[in-house]
Every structure is written in structure tokens, then in C-alpha cells.
Amino acid sequence: MTEIEVNGARHRVECAPDTPLLYVLRNELRLPGTRFGCGSGQCGACFVLIDGKAMASCDLPVWSVKDRSITTIEGLNGEHPVQKALERHQAAQCGYCMSGIVMSAVALLSHKAKPSEDEIRTALDKNLCRCGSHNRVVKAILDAR
Amino acid sequence: MLAEKPGALSDARRLTQRVHFERDGTVSIASGKVELGQGILTAFAQIAAEELGVPLERIRMLPASTAHSPDEGVTSGSQSISEGGKALRKACAEMRALLERSGRKSYWELELDAEIPGDAPEKKPAEYRVVGTSAPRRDLPAKFAGKPSYVHDMVLPGMLHGRVVRPSHGFSRLKTLGEIQGVTVVRDGSFVGVLAEREEDAIAAAAKLRAKSTWEQGAPVPQDIHTWLKEHVAERNISKEVVDAQARALGTRQLRAAYTKPYICHASIGPSCAIAQWHDRRLEVWTHSQGIFGLRQDLTKVLRMDERDIVVHHVEGAGCYGHNGADDVALDAALLARAAADRPVRLQWMREDEFAWEPYGGAMAFELEAGLSSDGRIVSWRHQFWSNGHTHRPGRAPKPVMTAAAHLAEPFELWPAVNPALPAGGADRNAIPAYDFPDLLVVNNYVKDMPLRSSSLRSLGAFGNVFAIESFMDECAAAAGVEPIPFRLKHLKDPRGRAVLEALLAQWSAWKRPEGRGHGVAYARYKNIGAYCAVLAEVEVTHELRVTRLVAAVDVGLPVNPDGVANQVEGGCIQAASWALKESYRPGNVGWEDYPILRFSEVPRVEVLLSTNEFPSMGAGECTMGPSAAAIANALSDALGVRVRDLPLTPERIAAAINA
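Protein chains in written order, with the numbering used here: chain S, 1 to 145; chain Z, 146 to 805.
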């Protein structure tokens, strides 16, 4: 039994303490917006905010986050300025990587209100996108500042 | 099931299969083509709204299923707009004509006759109000909000989690299977998987079982695949031959060059996933396959079942860019679900499964030769290439082609990949040059044996052929002392092809050459029958090659959704740049560290110059691939004065070219 705080609510989850957070979110809490991409923190598809910092949830044991504040894509309710800007710029094709990209962008903007284009690109270098939506995403984030 | 060819509408049943007026005032549209992230369902909704004269927001696109959708084959080859869109437009035009003839006020009052004349006039492009506008993608808000959007996100009651147990290399058979507690181990010959109540348990068990098991290595993959291909030709096929000895004799200089492309991964960000559930002796599958009917056909062969007993539903997945692991994982899930009684089984491949077992875009070798006349024209042209077939999709071969089929206790022989017929072609896609060369020979050396299983990757053989042809065109232009765009125009008659090249002339001429930089151009008409595309690349060379800017001039006929076209073109340019700069699959690559792709700080700026005209609409997703790669290689050559003829254009290869 582990207790975690996700999107402002506390949850008690029945799982082994070394279970990666990703599977707890997706399968226990039914929050499937956080997506599996690689299982080793190399692609960013599973990023969530841990105390405001964008981190991979696929190799993060749930015991290590029990006293931390976790925000998933669902916690933004589709209303975050980054999400609205992505819609305006039609900044996706398949969209599978987008949850992780949104979390990276939200973390960046919370630390720096007006990042430059280069700073945005560097911040998103941990997120892989295969469809080639990079430039639309960067324009959207510039627009969301 | 009804089988329907595009454009063929003979009775009301087929019409209502496509277009159905719901009681809530919406219109349900069934299409056999599927959403792959390319925005096709938004474009189809626009076509339906336009032709019916119904507001766009009332149109609902039904997910494709073998249970109710028209069989429109595979969603591939940039044909959804030209074929699926055409069939849908026709169906909607018939429906509108029925309404007009009936004297009723609305579709919802319409009683359908059994006979449809099938000759209803379609709207003229000048009348279009919805087609030709950049309607926002209907699926994106949910995806940006993280709502359940993919087959990966589906949850069915009582669902079990499965994982497969395969090594990260080819094998001939499973030698020893380890033991594991707490999960159900499923084995059929050398096919092994596990089932667990919890996903993390299935993952951990599969990893442990893999470590405890041994496999007999398969045949080694040749170190030098391109030499190997040349030594293993099964058939020498002439794609095109035009003999003009008189023209050929005008050649005063002969140029020759050889090029290669490696195996390239589809490398979807989301590893492939499927859900399978048996209902007694019937099977239901949820998949992101590009061809649900072909998948069903191959499932019937492997599972020795009747088509009537299998239903395959399409649910979106991560972008696939061709034939990735989608079909393979669907069979894997069906095999695992056989051990799950009637419970559904969700199986997602792990990242290493996808890298190790997806069907790659095949390696190719090319040799080109041109005769140049004294007035700087190409008078003779030889192009031959060596390659496996470029499609290994289910439903096309006499034997099932999914990975697990070859591993079962009663295995199916792995059928070789084949090539679709010209003009689209497979390995020979875009091998016949678009230019006016009087004496011409194009030879497709088909290699049947497959050291690695390969299948359709975005643009098939066109990527390599256009890279080789357009690199060689620049080499010929340099030998003739003519600038690249005028040199191409000198050999190109097609006015729409000329127009996309001419659209880049101003930017080409405005270029100022800073130190260590270069620019290059390339052109192709996709499949020689599809979209026209010319790309201008600007690069910077320091310790490595960096693409700073790509400009794509594109003519897709009348764009159904101009921003959707631009999005596909931008994405195609960036993916092609990634292939050209970084990508080459080698056995043993299991993660993104082994197989890097372009990242945010590395991608070029992309500008799209979209022609607007009223020619029939064509797909946009693949036309940029070859021209982008060739333009980048040409820009590299422009920057350094040396040519790299092997993809990818790595720092090692660039250094070797400089030192040669």
C-alpha cells in the first residue's frame, strides 16, 4: 500500500513499492494520458510533473514519490495556455508524444515566464517527436508565454 | 462482408454503408481508410460536409471495422485522399442527388430506393466552401488534453496484460525456456509470452524469462549489406528501357556514381499495441493496423479460422509512417489471448521489441551512369538498384507474414517481401526519372532473401531512388557547368513539375554564401503520378552536418485542407532530415541511444510553398521524403565541395569524403 498525491488528490494504491509510477497512473488511477514510450526515460512520452519538475514516470518507483506532488496531463484539464496554444497552432500529427511535451513546456514556463526559442528547444530536447511537429510546438509555446 | 472498390456504388445498401443519417441529426460516415495521425478523418469530414451540403460539425467519422466498413485496402501510399476521398465524394453526391429527386426537405426524411443511378454530378471546385479550408483537426484537442485516444489507452472489463518474450536478435528456434512463477506462460513452438493481472508484473516476468531462456541464433546479418544485396539477386527486372542509339552517341562524357541507403526504422514513439479477446471460438481484435481486412485475412491463416469468425476493429495508435509492428503485435495478442479463456488481453510491445522486430525500411544500393553531350544535356541514363521487396503487409501473400507465424510449433515459412506494380512500384518507386532522357535503362535487381525482414516505410523505394537520382543530377549539373535548378528545368517538360522548381528560384538566387554553409535542391513527383515536390535545403557544416532550413514547394492539386497538407509536408521534411543525418538500423539496436533521431534543437526550420489549383486532390504525406534527403546531400556537397553518397550523412562519412 502506497499513498500518493496526484493532481491535488490523495490516493492509496495497492501495488509493490517498486512499481513504476507510469503503471500506477495508467492502470490504478485510470489516467492514461501519461504514455509509455521506452521504459527507460529516453523519450519523454511519460513525463509528469514531480514537485513542478518534468520527470519520466516509466522508471520512477512509486515509493520514491509518496511525499511529492504529482501532476499529470489530466491535471491541466486541457485548459492550460500551452494546450490552448498547441490547438491554435495545430501542433501535432499523431499526438502520442504530446502529453510529455506539454508537461516539459509547463515546467519550463513555471520557472521562466518568457523563455527564448533556443531555451524552449533545449528544454524540449528530452522529448522525442517522430511526426516532425517540432517547429509548430515551439511556435505554440512562444505564443503561450 | 461487402467488398467495394473505390468509386463503385451500385445499390442503396452500399450507399447507406458509407453515409448514414442518425436520429440525433448527425451524419455517420464509414470509410475503410484509417486515421494514422495524418488528419485524414478531418479531411474526409470536410469532403462529406461539402458534397452533402451539411454543416461540418454534424459529420461523424466512424472508426473502421471489418464488421461494418467498406474494404478500401490499406491506408498507405498517400492514396487516401485520391482514392478514399474520391469514393466518399461520389457516395455523398449520390445521396444529395437522391434528396433533390425525392422532393423531401432533408436527408433525415429520405427513404432510400434500392437502385442508385450512380451518375450524380459532383460539386465543382469553384463551388467549394468547406473543402479547401484549413478546418482544425477534430481529434487534436482530446490528444493535447491527454484523453484516452489510442488503442494503448483502451480498458476492457477483465482485461489481462501480456508481454512477448523474444530476444533482441533474429533466431532460428527457442532452445531452452526458463521458469517463472506468478504469471501464465504461453508457449507455441518458439513463440513465448506471459499473461498477468498487472502490467508491471507481465513486464518484469517477460524480462526475467528472456534472461533465463536461450535461442539458437539465426543467420547473421551481413556486415556489408549493400555488397551482399548485389551478390544475391533473384530476378533482374527492367523497369523501363528506351533505346535511342543516336542520342546515346551524342554523349561525350560518361559519369558514374554509386549510392546506398541503410535499413531505417519506423521508430514510432509508442511501441505497437493490440487487444485481443476470444468469444468461445470467435476472435475480436483491436488494432492500429493500416489494413484491418488484410490483417484479418492473415489471422484466419495462422489461426486456421473462417473470416466470419474474426472481427478486427481499428483504433488509433502512435504515428506509424508505414508498416511497423502493428500487425505483428495483433497476432501476438491473439495467440496470448488463447490462453486467457474469454478475457481480453492487452499487449504492448516494449521499446526493444519494436526496434528488434518491426519490419524495417529495406537497405538499397544504387548505381547510376549518364552520358553528357557537349552542350551539357543528359543524352543517356542508366540506373540500377538492388533491394528486397518493399511490402510485407498482411493479406497480400499466400502465407501469413506476421513475425509470430514463423515461430509457431507448426510454423509458416517467412514469405519474402514483394513490390507493388508500377507506376506506384515498391523498390522501383520513383526509379524511372521524371526527366526527359532520350536513351534510358532502369533495372530493378530484386533480392528475395531477407537478412532482416523489411516492409513499407514512408515512400518505400522512392526515398533511396530520389536520393540517388537527385544527387547524381547535381553531379551531372556540376560536370555540365550549369546551376542545379536550370539544369533540371532543361530536362523537365511537365509544367507542374517545372512550377515547383521555379518556385524555389528566387530563394536560390537570394542566397549569400557564408563560410561553412551550403544550399542544395532536389525534385520528384511522388510515384511519378502523385504530388509534385521540390525542396531547397540550407546546411551548416562544423564538426557535423546541421540542416538549418528546408523550403518545400509542393503541388498536391486542390488541397482539401491546406494547413493539414502543410503539417504533413513539414513533418515529412523533418523526418527525412532525421533519416538522412542520423538513421541506420543495425541488429542489436534496442533503444533511442542506439538509434538516435533528430531532436528539438536539431530540427531545421521548414517553410512550405503550397500551390493552389483545382487539379484533383492528391496525398501529401510522402512526397517530401526523397527530395529532402537529396537536397540535404546536395547542400553538403555545395558547402564542402565533396560528395557523400552513402546515407546517413554522418560526421565520419563526411570526414572520409574530405580526406579521400
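Heads up, a few of these hints could be off.
Each computed SDA-like pair below joins lysine to any residue, with the alpha-carbon atoms no more than 20 Å apart [said to hold, decoys possible]:
{"no.": "1", "chain 1": "S", "residue 1": "K139", "chain 2": "Z", "residue 2": "T693"}
{"no.": "2", "chain 1": "Z", "residue 1": "K727", "chain 2": "Z", "residue 2": "E759"}
{"no.": "3", "chain 1": "S", "residue 1": "K139", "chain 2": "Z", "residue 2": "R658"}
{"no.": "4", "chain 1": "S", "residue 1": "K139", "chain 2": "Z", "residue 2": "D708"}
{"no.": "5", "chain 1": "S", "residue 1": "K126", "chain 2": "Z", "residue 2": "R168"}
{"no.": "6", "chain 1": "Z", "residue 1": "K231", "chain 2": "Z", "residue 2": "V300"}
{"no.": "7", "chain 1": "Z", "residue 1": "K353", "chain 2": "S", "residue 2": "E79"}
{"no.": "8", "chain 1": "Z", "residue 1": "K292", "chain 2": "S", "residue 2": "H80"}
{"no.": "9", "chain 1": "Z", "residue 1": "K250", "chain 2": "Z", "residue 2": "R168"}
{"no.": "10", "chain 1": "Z", "residue 1": "K593", "chain 2": "Z", "residue 2": "W373"}
{"no.": "11", "chain 1": "Z", "residue 1": "K292", "chain 2": "S", "residue 2": "E79"}
Quick list of simulated restraints, FRET-style, between CB atoms [as the list claims (entries may be wrong)]:
{"no.": "12", "chain 1": "Z", "residue 1": "A212", "chain 2": "S", "residue 2": "K114", "range": "30 to 40 Å"}
{"no.": "13", "chain 1": "S", "residue 1": "S40", "chain 2": "Z", "residue 2": "K638", "range": "47 to 57 Å"}
{"no.": "14", "chain 1": "Z", "residue 1": "S251", "chain 2": "S", "residue 2": "M1", "range": "54 to 64 Å"}
{"no.": "15", "chain 1": "Z", "residue 1": "G198", "chain 2": "S", "residue 2": "M1", "range": "38 to 48 Å"}
{"no.": "16", "chain 1": "Z", "residue 1": "A212", "chain 2": "S", "residue 2": "D67", "range": "45 to 55 Å"}
{"no.": "17", "chain 1": "Z", "residue 1": "K320", "chain 2": "S", "residue 2": "P17", "range": "28 to 38 Å"}
{"no.": "18", "chain 1": "S", "residue 1": "P61", "chain 2": "Z", "residue 2": "Q326", "range": "20 to 30 Å"}
{"no.": "19", "chain 1": "Z", "residue 1": "R318", "chain 2": "S", "residue 2": "E14", "range": "36 to 46 Å"}
{"no.": "20", "chain 1": "Z", "residue 1": "P796", "chain 2": "S", "residue 2": "R30", "range": "20 to 30 Å"}
{"no.": "21", "chain 1": "Z", "residue 1": "E759", "chain 2": "S", "residue 2": "R88", "range": "24 to 34 Å"}
{"no.": "22", "chain 1": "Z", "residue 1": "S251", "chain 2": "S", "residue 2": "A113", "range": "23 to 33 Å"}
{"no.": "23", "chain 1": "S", "residue 1": "R30", "chain 2": "Z", "residue 2": "R318", "range": "34 to 44 Å"}
{"no.": "24", "chain 1": "S", "residue 1": "S40", "chain 2": "Z", "residue 2": "G661", "range": "48 to 58 Å"}
{"no.": "25", "chain 1": "Z", "residue 1": "R203", "chain 2": "S", "residue 2": "K114", "range": "36 to 46 Å"}
No lab work stands behind these hints, which were simulated from the structure alone. From the three backbone atoms N, C-alpha and C, an ideal C-beta is built for every residue, glycine too.
A quick look at each hint next to the structure:
{"no.": "1", "hint": "S/K139 / Z/T693", "result": "holds, 16 Å"}
{"no.": "2", "hint": "Z/K727 / Z/E759", "result": "violated, 38 Å"}
{"no.": "3", "hint": "S/K139 / Z/R658", "result": "violated, 28 Å"}
{"no.": "4", "hint": "S/K139 / Z/D708", "result": "holds, 15 Å"}
{"no.": "5", "hint": "S/K126 / Z/R168", "result": "violated, 48 Å"}
{"no.": "6", "hint": "Z/K231 / Z/V300", "result": "violated, 35 Å"}
{"no.": "7", "hint": "Z/K353 / S/E79", "result": "violated, 42 Å"}
{"no.": "8", "hint": "Z/K292 / S/H80", "result": "holds, 14 Å"}
{"no.": "9", "hint": "Z/K250 / Z/R168", "result": "holds, 15 Å"}
{"no.": "10", "hint": "Z/K593 / Z/W373", "result": "holds, 12 Å"}
{"no.": "11", "hint": "Z/K292 / S/E79", "result": "holds, 13 Å"}
{"no.": "12", "hint": "Z/A212 / S/K114: 30 to 40 Å", "result": "violated, 52 Å"}
{"no.": "13", "hint": "S/S40 / Z/K638: 47 to 57 Å", "result": "holds, 53 Å"}
{"no.": "14", "hint": "Z/S251 / S/M1: 54 to 64 Å", "result": "holds, 59 Å"}
{"no.": "15", "hint": "Z/G198 / S/M1: 38 to 48 Å", "result": "violated, 60 Å"}
{"no.": "16", "hint": "Z/A212 / S/D67: 45 to 55 Å", "result": "holds, 49 Å"}
{"no.": "17", "hint": "Z/K320 / S/P17: 28 to 38 Å", "result": "holds, 36 Å"}
{"no.": "18", "hint": "S/P61 / Z/Q326: 20 to 30 Å", "result": "holds, 22 Å"}
{"no.": "19", "hint": "Z/R318 / S/E14: 36 to 46 Å", "result": "holds, 40 Å"}
{"no.": "20", "hint": "Z/P796 / S/R30: 20 to 30 Å", "result": "violated, 47 Å"}
{"no.": "21", "hint": "Z/E759 / S/R88: 24 to 34 Å", "result": "holds, 29 Å"}
{"no.": "22", "hint": "Z/S251 / S/A113: 23 to 33 Å", "result": "violated, 52 Å"}
{"no.": "23", "hint": "S/R30 / Z/R318: 34 to 44 Å", "result": "holds, 41 Å"}
{"no.": "24", "hint": "S/S40 / Z/G661: 48 to 58 Å", "result": "violated, 36 Å"}
{"no.": "25", "hint": "Z/R203 / S/K114: 36 to 46 Å", "result": "holds, 42 Å"}
Hints 2, 3, 5, 6, 7, 12, 15, 20, 22, 24 from the earlier list are contradicted by this structure; the remaining hints agree with it.
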